Amino acid sequence: MKKIRKDLIIQRQQSLNIHTERDLLSDAKLRQRRAGCPWVTDLVVTFQDPEYLYIVTEYCSGGDMISWLIRQDVFSESTAKFYIVELVLALNSLHKMGYAHRDVKPDNILIDRDGHLKLADFGLSKRDPEWLESLCRSDVLGICDDSADTKSRFKDKKERKAIFFSTVGSPAYIAPEVLLGRGYSYSCDWWSVGVILYEMLCGYPPFFSDSKTATAKKIIRFKEYLGFPQEPDALSPDVVDLISHLIANPEERYGFEEILRHRFFDGVTVTDNIRHEKAPFYVQLSHARDRQYFEPAPDNAAIQQQPLVTVSREDQAVFVGFTSKLSDRGQSTTLSGALGRFHELQDFSDED
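The numbers in our numbering rise by one with no breaks, and the one at position 169 of the sequence shown is 1268.
I should point out that these hints are in silico values taken from the structure, not numbers from a laboratory. The hints are all genuine.
Lysine to any residue pairs mimicking SDA-like chemistry, simulated, CA-CA at most 20 Å apart: (1) Lys1101 to Val1155; (2) Lys1102 to Glu1394; (3) Lys1128 to Asn1116; (4) Lys1377 to Gln1171; (5) Lys1322 to Tyr1353; (6) Lys1128 to Arg1212; (7) Lys1101 to Gln1112; (8) Lys1102 to Val1143; (9) Lys1128 to Met1196; (10) Lys1101 to Ser1114; (11) Lys1102 to Glu1157; (12) Lys1322 to Val1339; (13) Lys1322 to Leu1278; (14) Lys1377 to Asp1211; (15) Lys1101 to Pro1149; (16) Lys1102 to Gln1405; (17) Lys1102 to Thr1422; (18) Lys1195 to Asp1141; (19) Lys1101 to Asp1141; (20) Lys1102 to His1118; (21) Lys1101 to Ser1125; (22) Lys1101 to Gly1420; (23) Lys1101 to Asp1148.
Cβ-Cβ distance ranges computed for the label pairs, FRET-style: (24) Lys1102 to Ser1175: 33 to 39 Å; (25) Glu1356 to Gly1326: 27 to 33 Å; (26) Ser1310 to Gly1197: 32 to 38 Å; (27) Arg1360 to Thr1119: 27 to 33 Å; (28) Gln1112 to Leu1407: 14 to 20 Å; (29) Val1173 to Ile1103: 32 to 38 Å; (30) Asp1365 to Arg1111: 43 to 49 Å; (31) Asp1340 to Leu1107: 39 to 45 Å.
Predicted, not measured: the structure shown is a model, and the values here were computed from it. Glycine included, every Cβ here is placed at the ideal spot set by N, Cα and C.
Construct the entire structure; sequences and hints are all you get.
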């Protein structure tokens, strides 16, 4: 369950984002009923109280991709192929619904009980608008190249875990045209796929730096800063070619069909039928609510310390339409009724 403060949404002018997320999940659920949309976390219910919004989705017990990256260090090419194909198919399903994700990253990629991928966390940007404005005003010269230090730090397990969580809210996976506020299309998501593929095989994202600003500047000047490991047999020529056509300018970047036709995916199922195949990750649970595949994230102390601000009646109006319409199914639309529905579903899951 995602619990979101209304006052911060108003403060950050993100009411449109949260409605977009709610609408996308609702659209995906409707498509799942009609024709099948297996790539998006299933929406259970949305509701609100005077201070918070709540989004309840299915529980993906395999955790998120960050947890698997921490566990595995690097993926084999066969594992990376499997999950990148699933990621490409998942993003294409969003694009068919008319949505670009814009913020694809490992913590937004969940693994279900069968080891297959699902997308989560749509439309709610965590980036600081003031930081983006300062980035656009700043000089892009004089970037500190700390790539050698980055590689050594990612080899340390504890340091690696801390670094992974530090990328939450950072621009490490975001396309340059999105960072610069220029016009962008679905193509921005394929950039993120390239960055994630690089990280799966190298163990670290290609433009990571200690500061968000340095990371963003490297992304904007990606042609100068994109490099590949030089060790013998580190990466195959095919994967280097694919990544180079994803981490590219929009007009040169591969699209959906070009990606799946690439020789890197020879021999791999490139349709939704891949979900019927055995996944590389085996999820073994001791009980239905086992959370072993989720790495405990550090508390966001900065947000916790911010006192709640009462949302005015006028501002409450922007959240009209957020709550799920359950009355046509004979279910309560109150907070207690929604929570009751959520617990019923959890109890049902425990019996599986």
